[in-house]
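Mind docking chain B on chain A? Use the hints.
What follows is each chain in one-letter form.
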Amino acid sequence: MDKAEELTLSYLLFFGIIGMLILAGAIVLFVVVYQRRLLNQQLQISQMKMTYQQKTLELNIEAQEKERKRIANDLHDSIGSILSATRLYINQIETTKKEEQTHYIKGKSIKLLDSAITNIQSITRDLLPPSLDRFGLELAVTDLCKTVRDLNVLEIAFTSNLNQRIEDKQELLLYRIIQELINNTLKHAEASKILIQFIYQNNKLKLVYSDDGKGFQPIMEQYGEDRIIKEGLGLQSIRTRVDLLNAEVKYATTIPSGKGMQVWIELEIS
Amino acid sequence: MEETLAKSIMSIAPFAIFVPLAFSIRRIRQGSDVQRWLCIVIIVYAIAEFLFFFTGKHLHQNNLYLTHIVPVVEFALLIWFFRVILSEKVIKTLIVLFTILSIFNVLFLESLNEFNTIARAVEALILIIVSLMYFYRLLRDLSEQYLERSPLFWIATSILIYFSGSFFIFIYGNYIMPSAKLSLTFWAIHALFSILKYILFTIALWIKPKS
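Residue numbers (the working numbering), protein chains in the order written: chain A, 1 to 270; chain B, 1 to 211.
One chain only, chain A, in its complex shape (with noise of 0.2 Å):
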């Protein structure tokens, strides 16, 4: 080898030698980098994900409560105050010799015991609609219109195409978001009209609620990366209930035209 020969080579040796190192260093460090950086995004998206579990759980405990209230505040209301009254009456019967007075008095009980009666009943329709369990949602959201109707606040429509019976459980969870959907419009909507639809199609059921009130605006809260919509107890609720039907809703509201809103929820239906 002469001198010129051995320089090149050692040149090239160099240079390979120096190229590889270089290569390797590099990811090496690119590894330590981008590892750190892939397990942080993932601490980030579990961390995210546990807040979001917790905010759902605080509201469905939030949501249970108020239930609950809302319960108690129908019973005491509408029945303890009749049942005390009867009591107060049934108290006199002991104490009164007269018979047209005894009669007076039975009369009166009688009537307070009906109204209690019923007024259970109607708590028990609020609670779980018997017409849902026996003929079927088609017929327990027509009742739930008619009883909307009968508040003389504004109209309500509801067709639907379903004409069977889907599961127990879709039934109640449709029910429920119904329920709630007709709930915020009476309480925020200022709406005049309201129109419920059942499409059904290969096996697809489309619940299309819509209501000409006032809309609502959506909040968007920063979530990581992503925007999304704040949701109140009620579209908490609502979402819940999507999920645990596993299947997808839209909602699309303008404002402040005043065009109202529009909800989209689609299911398969087994």
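These aren't lab readings, by the way, just hints derived from the structure by calculation.
Please read all numbers here as calculations on a predicted model, not as lab measurements.
Errors might be hidden in some of the hints.
In silico lysine-lysine, BS3-like type, Cα no more than 25 Å apart, as pairs [said to hold, decoys possible]:
| hint | chain 1 | residue 1 | chain 2 | residue 2 |
| --- | --- | --- | --- | --- |
| 1 | A | 187 | A | 214 |
| 2 | A | 3 | B | 181 |
| 3 | B | 7 | B | 89 |
| 4 | B | 7 | A | 3 |
Below, chain B without anything else, positioned relative to chain A:
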């Protein structure tokens, strides 16, 4: 000046094995599985270093035949670390194939009196690829929360850097042999990588095993 530096590096390098060897004594009993295997690897490296030193410096032999034997053992020991990413069957197949290649190399390509370039280059290449596969797996599975506390990460880093750095020296081993100057320079560089390899192995042994 350069020559003395290269010579001193070359003479220090074999003794670098004593550092991880000292740690091995402690970890062989109370280390993780990977660390215990590393202890065995280091003991074998120490024996190899001793053989090179003894046959070369003491018996003044041409000990190039050792460069044909040592890689076979080294390859089997090092590839065994990657049981986490390769099945035992694949590892065993690789070991058998590499051994066959080494024997074939001695018999038909490079004699015992030449430097073993082909088998060493193949060994380096396979170990580089396997350690890259390990790194890829680290990123894919995210199984290790703290890389710096994983002995296998340091071992894979050591293997990747040592074999990448030495790859061209292995390939050109027979070319540089006739020139004493080139030989000295590049084997001194190789010795530096050797020292680095032992330092990284020491770190892998230093890590306290998870209880």
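Each hint, compared with the structure:
1. A:187 <-> A:214: Since the Cα atoms of residue 187 (chain A) and residue 214 (chain A) sit roughly 11 Å apart, the hinted pair holds (cutoff 25 Å).
2. A:3 <-> B:181: 11 Å, holds
3. B:7 <-> B:89: It is violated: about 43 Å lies between the C-alpha atoms, which goes past 25 Å.
4. B:7 <-> A:3: 21 Å, holds
Hint check: a violation occurs at hint 3 only; the rest are consistent with the structure.
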